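Chains as they are written, first to last, in the numbering used here: chain Z, 1 to 188; chain U, 1001 to 1387; chain Y, 2001 to 2214.
Just so you know, the hints here were simulated from the structure itself, not pulled from any lab data. None of the values given here were measured: they were computed from a predicted structure. All C-beta atoms, glycine included, are put in the ideal place defined by N, C-alpha and C. Accuracy of the hints is not assured; some may be wrong.
Which residues of chain Y face chain Z? A few of them, derived with a C-beta cut under 7 Å, are [unchecked claim]:
no., residue
1, Lys2115
2, Asn2147
3, Asn2148
4, Tyr2149
5, Gln2153
Ranges between beta-carbon positions, derived for each pair [to be verified]:
no., chain 1, residue 1, chain 2, residue 2, range
6, U, Gln1052, Z, Ser152, 18 to 28 Å
7, U, Lys1292, Z, Val159, 46 to 56 Å
8, U, Gln1052, Z, Glu87, 28 to 38 Å
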Amino acid sequence: MSTLTPERIEERLRERFPGVEFRRQTGEAMRDHTLVLPVERLVEVCTFLRDDPELDFAMLSWIAGVDWLPREPRFEVVYGLLSMSRETRLTLKVQVGEENPRVPTVIPVWPTADWLERETWDFYGIEFTGHPDLRRILLPEDWVGWPLRKDSPLGYEEVAFTHNMPDREVPSPGLKKLKPKKVRYRAQ
Amino acid sequence: MIINMGPQHPATHGVLRVALELDGETIVKAKPVVGYLHTGMEKQAEYKTYTQSIPQTDRMDYLAPMSNNLAFCLAVEKLLGIEPPPRALHARVLLTELTRIASHLVWIGTHAMDIGAMTMFFYTFREREQILTMYDQVCGARMTATYFRVGGLAMDLPAGFLERAAKFLDSMPGHLATYEALLTENPIWVARTKGVALLSKQEAIALGATGPLLRGSGVKWDLRKNMPYSGYDQYDFEIPVGEHGDAFDRYLVRMEEMRQAVRICQQAIRRLEEIGPGDHRLRDYKYVLPPKEDVKTSMEALIHHFKIVAHGFFPPQGEAYVGIENPKGELGFYLVSDGSPKPWRMKVRSPSFVNLQALDTMVQGRLVADVITTIGTLDIVLGEVDR
Amino acid sequence: MSDPKDPRAAQPFRILGPAAREAPPAPDLLEPRSEEDALREDLERNVLFTTVESMVNWTRANSIWPLGFGLACCAIEMMATLGPGFDLSRFGAEVMRPSPRQADLMIVAGRVSLKMAPVLRQLYDQMPDPKWVIAMGACASCGGIFNNYAIVQGVDKIVPVDVYIPGCPPRPESLIYGIMKLQEKILVSRVELGPASWQKRARRGHPRSGSGAA
Chain Z
1 MSTLTPERIE ERLRERFPGV EFRRQTGEAM RDHTLVLPVE RLVEVCTFLR
51 DDPELDFAML SWIAGVDWLP REPRFEVVYG LLSMSRETRL TLKVQVGEEN
101 PRVPTVIPVW PTADWLERET WDFYGIEFTG HPDLRRILLP EDWVGWPLRK
151 DSPLGYEEVA FTHNMPDREV PSPGLKKLKP KKVRYRAQ
Chain U
1001 MIINMGPQHP ATHGVLRVAL ELDGETIVKA KPVVGYLHTG MEKQAEYKTY
1051 TQSIPQTDRM DYLAPMSNNL AFCLAVEKLL GIEPPPRALH ARVLLTELTR
1101 IASHLVWIGT HAMDIGAMTM FFYTFREREQ ILTMYDQVCG ARMTATYFRV
1151 GGLAMDLPAG FLERAAKFLD SMPGHLATYE ALLTENPIWV ARTKGVALLS
1201 KQEAIALGAT GPLLRGSGVK WDLRKNMPYS GYDQYDFEIP VGEHGDAFDR
1251 YLVRMEEMRQ AVRICQQAIR RLEEIGPGDH RLRDYKYVLP PKEDVKTSME
1301 ALIHHFKIVA HGFFPPQGEA YVGIENPKGE LGFYLVSDGS PKPWRMKVRS
1351 PSFVNLQALD TMVQGRLVAD VITTIGTLDI VLGEVDR
Chain Y
2001 MSDPKDPRAA QPFRILGPAA REAPPAPDLL EPRSEEDALR EDLERNVLFT
2051 TVESMVNWTR ANSIWPLGFG LACCAIEMMA TLGPGFDLSR FGAEVMRPSP
2101 RQADLMIVAG RVSLKMAPVL RQLYDQMPDP KWVIAMGACA SCGGIFNNYA
2151 IVQGVDKIVP VDVYIPGCPP RPESLIYGIM KLQEKILVSR VELGPASWQK
2201 RARRGHPRSG SGAA
């Protein structure tokens, strides 16, 4: 099991980067140890996390982009790190705004970030500066727009039901046109 | 010369396109182009409640569907802070290990078929039919099971399931011995896979490889042992680790994993028989559907049932990531919740997507036929790569 | 003495008895078989008279070679149908041709994303006539459970489909039933003998006869 406590990780980071603000994100159900750091120091911090023999975060598991639309800063890029020798996970976050969504690439630190960053670019339009080959990976190359942003629509096709397309007659072989029964009142 | 190994190809295990830059027959560069099966699952998950997203997860790694269900349910349960009852826990382990056997059977069948040994395909699919019949018995669907729910299972295990599973597991070591007799000392197999698709330890870690790809290169890392989940710490099994990091080692690792999976399943069956009948879902009506008998008798259960079915359950605000050991590698779900019944963000860490990046490193300087071996030994599923 | 022309002399054993003496002899031994009769009998046994159309349809229906076009989960059920449990080669689909130039049937097994759609159309165009398309599964028929920006809502938006097989994924028995329905469809279809209709149109100088897709 994990031999590295979250406090020890933060201690080591603050020791090494005294001027950098590491904010631990807490909340009702923040189940993982999450640290928010400023964008400019990302690569340095990651290099330290990878190379430090005590921390040894040798593997980058995943990179995710999150779009918090009404909130400023709008985008968050979340990095999930894994230390195999210490059996610990760590989540790092950087926040960027809408006008300038640029994050330095961590490919020099973990080469696996190549496709993961391309995927985040593809979905959100967050540019990773220094990436050797930043282009779309999952969507067609000529797609316009950033589909996973909150203001992009789901793009679904409306299925025709009577409640949403009442004037569209879908002919059915067994459908009989029912005429309302004329009710005659007998004169008393 | 640039050759396109197109999206429609008998040996690419789906719609993978590889742009091969060749010099004669030697490969200079191999660039995989993915996205031909992109389904927008992550976007769609933001429009569906948590339970409604479970069928989507089946379609990601469609060779190991219950494994994906497990990862998603574990992530939601971590977010909610609940744990399923013991019967559900061990049933999940049993079914997930059966899924692992099924996935590796398809892998060896198609890998051997690509290399030329067509017989393996027929033998392994025959065994797989038995596993699919078991899936059918348990939840009604052969492949896309959607059997696990947040807080347990959708339905209890039916009568006769454990006996059928035990009978299948008894026959499995014999079948595995057949496969090994056909392949392990076969000179053609050895010539095609030994020394091919090499990935060193440092490269594997740097490229984020997980699963048999990592273990074949000599790294002792398996999430079931190192970061146990869903009761795996109560089971006794070994993790095979390779040495050279070539396709042959990965083949040996996966065959041994199948054996260990049989071992785990047998232990799970014994445990389930010890536990006896019990709850298959947690009785936490705030998040989990109450059993039907309670719904028909208790008012509170009825109200909870109505709320969960009409809106979905309301998890607390927060984030959670859970990674499990899929047959292909580390499958993880990162869920961000804003308190509403629909997730704010669901991110899938799919093992095949990350493992496929290693293709270029593994085929540099090799011949074209080795690309087929490499794609086979990477064990990718395009549904997972493209989501 | 026995008459050499008497056919009864050919058989050495005769059942003696009053019934045998009074019973009429078997007709085929008595009447000489003329060449015409023998020919007619042979023909009835070995030659079948039918139309070219039904023959062509019968051969096409019973030897459909599918194109290996598995996209997603339905592909695995298609592989299981070809496997030992539910053998598809009993129905004539002996081999799955990897090349579209050699296949007659395209089984679209799986979800078609927008990036894959032009590839699908190109493969369909590369298949020679006669060709059929089966939309296997819910995603190929109508988009299935994925109604979003990335999936084509039904492959019939791109290629003409002959048989739709519902299911997610359809069981191998469903796929076999779908192929049998396609066989029924082929058996009743009209066969165009002679140059194809577009060639006829081109020769007559029809305004819409341009060079079709390759």
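Now the hints, each set against the structure:
{"no.": "1", "hint": "Lys2115", "verdict": "holds (4 Å)"}
{"no.": "2", "hint": "Asn2147", "verdict": "holds (4 Å)"}
{"no.": "3", "hint": "Asn2148", "verdict": "holds (5 Å)"}
{"no.": "4", "hint": "Tyr2149", "verdict": "holds (3 Å)"}
{"no.": "5", "hint": "Gln2153", "verdict": "holds (5 Å)"}
{"no.": "6", "hint": "U:Gln1052 x Z:Ser152: 18 to 28 Å", "verdict": "holds (20 Å)"}
{"no.": "7", "hint": "U:Lys1292 x Z:Val159: 46 to 56 Å", "verdict": "violated (30 Å)"}
{"no.": "8", "hint": "U:Gln1052 x Z:Glu87: 28 to 38 Å", "verdict": "holds (34 Å)"}
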